[in-house]
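Q: This is what each chain is made of:
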Amino acid sequence: MSVLPPDLDAAGFAPFLADLRGAVGPDWVWSADDDLFPYRDSFSPVWNTGEERHASAAVAPADVEQVQAVIRIARRHRVPLHPVSTGKNFGYGGPSPNVHGSAVLDLKRMDRVLALDGKRNFVLVEPGVSYFDLYRAIQDAGLRLMVDCPDPGWGSPVGNSLERGVGYTMPHFRDHFGAHCGMEVVLPDGEVMRTGMGAMPGADTWQEYPYGFGPDPAGLFAQGNFGVVTKMGFRLLPLPEYYRSCMITVPRRRDFVALVEHVNYLSDSGLVGEVEYGSPLSVLMGNADFLALATQVGGPSDAAMDAAAAAANLHSWRVELQFLGPEATTLANWHHARDRILGAIPGAQGFEGDHFPLPATEAQLNNDTQPWTTSIKRRRSLGVPSLGAWKIVRDDGHVGFFPVLPRSGEAVFQVQRVLGDAMKEFPSLPPFFNALTMPLFWHTHTFQMVFAPSIKHDDPAHNAITHAAMKKCVAVAAEHGWGDYRAAPIYQDEVSATYSFNNHILRRFHEQLKDAIDPDGIIAPGRGGVWPRRFRA
Amino acid sequence: MPQGEIVRADLPGRALFAHNCAPCHGTGRGDDGSPMLPGTAALAAKYGATRPAPLELRDDLADPVLRLFVRRGVGAMPAFRPAELSNADIEAIAAYLRATAQANRAANRRR
Numbered sequence: 030m031s032v033l034p035p036d037l038d039a040a041g042f043a044p045f046l047a048d049l050r051g052a053v054g055p056d057w058v059w060s061a062d063d064d065l066f067p068y069r070d071s072f073s074p075v076w077n078t079g080e081e082r083h084a085s086a087a088v089a090p091a092d093v094e095q096v097q098a099v100i101r102i103a104r105r106h107r108v109p110l111h112p113v114s115t116g117k118n119f120g121y122g123g124p125s126p127n128v129h130g131s132a133v134l135d136l137k138r139m140d141r142v143l144a145l146d147g148k149r150n151f152v153l154v155e156p157g158v159s160y161f162d163l164y165r166a167i168q169d170a171g172l173r174l175m176v177d178c179p180d181p182g183w184g185s186p187v188g189n190s191l192e193r194g195v196g197y198t199m200p201h202f203r204d205h206f207g208a209h210c211g212m213e214v215v216l217p218d219g220e221v222m223r224t225g226m227g228a229m230p231g232a233d234t235w236q237e238y239p240y241g242f243g244p245d246p247a248g249l250f251a252q253g254n255f256g257v258v259t260k261m262g263f264r265l266l267p268l269p270e271y272y273r274s275c276m277i278t279v280p281r282r283r284d285f286v287a288l289v290e291h292v293n294y295l296s297d298s299g300l301v302g303e304v305e306y307g308s309p310l311s312v313l314m315g316n317a318d319f320l321a322l323a324t325q326v327g328g329p330s331d332a333a334m335d336a337a338a339a340a341a342n343l344h345s346w347r348v349e350l351q352f353l354g355p356e357a358t359t360l361a362n363w364h365h366a367r368d369r370i371l372g373a374i375p376g377a378q379g380f381e382g383d384h385f386p387l388p389a390t391e392a393q394l395n396n397d398t399q400p401w402t403t404s405i406k407r408r409r410s411l412g413v414p415s416l417g418a419w420k421i422v423r424d425d426g427h428v429g430f431f432p433v434l435p436r437s438g439e440a441v442f443q444v445q446r447v448l449g450d451a452m453k454e455f456p457s458l459p460p461f462f463n464a465l466t467m468p469l470f471w472h473t474h475t476f477q478m479v480f481a482p483s484i485k486h487d488d489p490a491h492n493a494i495t496h497a498a499m500k501k502c503v504a505v506a507a508e509h510g511w512g513d514y515r516a517a518p519i520y521q522d523e524v525s526a527t528y529s530f531n532n533h534i535l536r537r538f539h540e541q542l543k544d545a546i547d548p549d550g551i552i553a554p555g556r557g558g559v560w561p562r563r564f565r566a
Numbered sequence: 871m872p873q874g875e876i877v878r879a880d881l882p883g884r885a886l887f888a889h890n891c892a893p894c895h896g897t898g899r900g901d902d903g904s905p906m907l908p909g910t911a912a913l914a915a916k917y918g919a920t921r922p923a924p925l926e927l928r929d930d931l932a933d934p935v936l937r938l939f940v941r942r943g944v945g946a947m948p949a950f951r952p953a954e955l956s957n958a959d960i961e962a963i964a965a966y967l968r969a970t971a972q973a974n975r976a977a978n979r980r981r
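Protein chains in written order, with the numbering used here: chain A, 30 to 566; chain B, 871 to 981.
Accuracy of the hints is not assured; some may be wrong.
Just a few of them, taken from the derived set where beta-carbon distance is under 8 Å, the chain A residues facing chain B [claimed, not checked]:
hint, residue
1, 64
2, 89
3, 91
4, 397
5, 400
6, 401
7, 418
8, 422
9, 425
10, 429
11, 442
Derived pair list, reagent style SDA-like, types lysine to any residue, alpha-carbon separation capped at 25 Å [what the hints assert, rightly or not]:
hint, chain 1, residue 1, chain 2, residue 2
12, A, 420, B, 972
13, A, 501, A, 541
14, A, 406, B, 905
15, B, 916, A, 76
16, A, 420, B, 978
17, A, 420, A, 314
18, A, 420, B, 882
19, A, 501, A, 80
FYI, nobody ran anything at the bench for these hints, they're computed from the structure. Ideal Cβ placement from N, Cα and C applies to all residues, glycine included.
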């Protein structure tokens, strides 16, 4: 029992644990160091330092009634609970709490798919259901539905959407919180609330109309600490009949601005799924002269980059387009995209890639027949959960900074320059931001870019560099209006502080709400930068 | 080794392994042109020819050893919480791996 909850001594901690065991059974409460090891964030840059935040205990209820009981016990003993669902949340803090000594409320055992409708295309799940589980449930039921899943399939629809995670299919499904419809929440006093049509007894539209009547508090529970979500509905995409992939390249650096505008049009019109931007010039990054050009202070000139592209006989940019729908529609949408962009950007070229009916065969999922070196991750593009993406993990893990950016080519160039220059303070890190760094079009209506330096458990000096670089990224990006979308607990206060309009009124509003319903901070105090009165004092 | 060439022991740990471990440590192809899944590839790089890369061909992962890796993780492999995999689950997976590895070694001897 090396870690204790705040304001509690060992004598006070023991009856708290005893009460938990009485509520959920002795097998589902843990407080020994060995049992709590998996509740550490193994991707943490403050691993084994005084900044690392440890849990004092973990408790895994089996149902909503047990969640209510655990919350009431925690309230009685004034012990903060840190709810987690399933999956790992790596790069964003794992299961580690904001407050050292919190008890982790592990919802993994609540793993039922409660409703799955292949005619009205929705699902209602508990927090312990993973994307693998949901995919299997759909297959087992023989339904033609597509899951929009994040990279690691061990994540959960509830946890991922509450963290505002993303997927890779059609625009209206990639924003996972945006694709949710209806939730059940246990509030800090133990009462159970349902949002939207779930508030109306007898309504059969909980997963179809999200708002019900009056204010809709659902957004408070994403990256928030106003309750524990125990059920959540999601809209599902009917399995499209056909998949088609294509690519367009444009010759000059400045062509990227027009390319982005055309792709915005295609995406916002629902004509194209997730796209992958890239640069054919990336093959030159192994050349020392080109690397120096792409990473030079202040960024390279368009003319210098165009000269390098011309010398290598390469185009400057490319975008891989993915189409989902009936075969004829995907072909017509590709022809429309090709004609629109090639007609507007001199020298642009179009290429046709793999295309096939869905569901894909195993060979098609393996994605090794594309006629170019592709950035498309085929399984995630087709909603097939996988852990294949785990091959990207280097060292002992990484942390992630993903600023929200305007969806324009000019903004991309500016981020390349500004963050590229700022990160020169950390020369041992890879040049995440350079003249070829591409935007991610994961969230439906915005761009993001990735900064994900690694961590090493046995190299605190390396981790300290990563930690300092993360903080600098957050600060420099905010000076330009680029905000982080999701952060580990060790960064949440700093990220929250950058959303400071009108003397931090957004945070102060959240604090007023928190003080009203959870002044002792029983539910995840500090999450999302929202602290209750007890911890602010 | 293709997924189908493994002889799998019919034990309770089989489903647990398939659900919790095989997405990373299975014998199938990796994603997007990778010849192996990430966990299998990592063990192939770590051990070379000295040990089989697929866990289902390893008979040296007794319950305490397996529990150590599952509960503490290693490298990019995360630790798994007791709510995800109980000690009894890990024990069942260890028994399945041992039986499967032995069955495949016997089958290979007959070939």
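Q: Does the alpha-carbon distance linking residue 420/A and residue 972/B stay inside the 25 Å limit?
A: Given pair residue 420/A, residue 972/B is violated - Cα atoms ~29 Å apart, limit 25 Å.
Q: Holds or violated: are the alpha carbons of residue 916/B and residue 76/A at most 25 Å from each other?
A: holds, 24 Å
Q: Hey, does the residue 91/A contact hint survive, CB to chain B under 8 Å?
A: violated, 10 Å
Q: Regarding the hint that residue 89/A lies at the interface with chain B, is the smallest CB-CB distance below 8 Å?
A: holds, 4 Å
Q: For the restraint on residue 401/A, tell me whether the closest CB of chain B is nearer than 8 Å.
A: violated, 12 Å
Q: Would you check whether residue 400/A satisfies its interface hint, that is, whether its CB is within less than 8 Å of any CB in chain B?
A: Check failed: Cβ of residue 400/A comes no nearer than 13 Å to chain B, outside 8 Å.
Q: Tell me if the interface restraint on residue 64/A is satisfied: Cβ within less than 8 Å of some Cβ in chain B.
A: holds, 6 Å
Q: Are the Cα atoms of residue 420/A and residue 314/A separated by 25 Å or less?
A: holds, 21 Å
Q: May I ask you to test the interface hint for residue 422/A with respect to chain B, counting a Cβ-Cβ separation under 8 Å as satisfied?
A: It holds, given that the least Cβ distance between residue 422/A and chain B is near 4 Å, below 8 Å.
Q: Against chain B, run the beta carbon of residue 442/A and see if the smallest gap drops under 8 Å.
A: violated, 29 Å
Q: Hint validation: residue 425/A versus chain B, beta carbon distance must be below 8 Å. Holds or violated?
A: This interface hint holds because 6 Å falls under the 8 Å limit.
Q: Quick one, is the residue 418/A hint okay against chain B at 8 Å, beta carbons?
A: holds, 7 Å
Hints 3, 5, 6, 10, 11, 12, 13, 16 and 18 from the earlier list are contradicted by this structure; the remaining hints agree with it.
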